[in-house]
Amino acid sequence: MKRKKTLRLGNYDYTSDGYYFITVCTYYHRPYIVGRSRDVVAQFIEHISTKIKGVSVDYYVLMPTHVHLILILEQCKFKLGEVARRLKAVTSKQSGIKLWQPNYYEHIIRNERTLRKIREYIINNPLAERIEFTQFYK
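Under this note's numbering, the sequence shown has 53 at position 71, and the numbering climbs by one with no breaks.
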């Protein structure tokens, strides 16, 4: 039987206080984060600290096929995976469709330099997605 590859660090405590960069992709990378679904996701993220105690958002960007978030955990009783699960479950239910793929990508932010670089990446991601590289070769 084929084992599923884990994306998480084996011995890391994902309830540890700190900054975490996560990316959650839509189901089959379809452009579901538009219109009403976009509003549902944005509202959940913007009010996450009232929904999940010990969690706040440093920065985020919504794209039609994914969301990038920098989450801050401070004395949160839930693991990062449970926070992501709740975001996905609540927003899917409220939007009325299966929005998300089963997993998510994460990176533990360990220092200020990395935090700045990830913020820069998130800020520039919408612009990078609009670039059509084929236009440079015409």
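It is worth saying that the hints were derived from the structure and are not from the lab. It is possible that some hints are incorrect.
Claimed, not checked - Capping the alpha-carbon separation at 25 Å, the derived lysine-lysine pairs in DSS-like fashion look like this:
#	residue 1	residue 2
1	Lys99	Lys75
2	Lys75	Lys35
3	Lys99	Lys33
Stated by the list, open to error - Quick list of simulated restraints, FRET-style, between CB atoms:
#	residue 1	residue 2	range
4	Asn93	Ala24	17 to 23 Å
5	Ala24	Arg67	29 to 35 Å
6	Thr96	Lys75	31 to 37 Å
7	Leu109	Ser(-2)	20 to 26 Å
8	Lys75	His11	17 to 23 Å
9	Asp21	Asn93	21 to 27 Å
10	Gly36	Tyr10	30 to 36 Å
11	Gly63	Lys99	22 to 28 Å
12	Val16	Tyr(-6)	31 to 37 Å
13	Asp(-5)	Asn107	15 to 21 Å
We treat Cβ as the ideally placed atom computed from N, Cα and C, and that holds for glycine.
Outcome of the hint check:
| no. | hint | in the structure |
| --- | --- | --- |
| 1 | Lys99 - Lys75 | 33 Å, violated |
| 2 | Lys75 - Lys35 | 21 Å, holds |
| 3 | Lys99 - Lys33 | 28 Å, violated |
| 4 | Asn93 - Ala24: 17 to 23 Å | 29 Å, violated |
| 5 | Ala24 - Arg67: 29 to 35 Å | 19 Å, violated |
| 6 | Thr96 - Lys75: 31 to 37 Å | 34 Å, holds |
| 7 | Leu109 - Ser(-2): 20 to 26 Å | 33 Å, violated |
| 8 | Lys75 - His11: 17 to 23 Å | 21 Å, holds |
| 9 | Asp21 - Asn93: 21 to 27 Å | 34 Å, violated |
| 10 | Gly36 - Tyr10: 30 to 36 Å | 32 Å, holds |
| 11 | Gly63 - Lys99: 22 to 28 Å | 24 Å, holds |
| 12 | Val16 - Tyr(-6): 31 to 37 Å | 34 Å, holds |
| 13 | Asp(-5) - Asn107: 15 to 21 Å | 29 Å, violated |
Violated hints for the displayed structure, listed by number in ascending order: 1, 3, 4, 5, 7, 9, 13.
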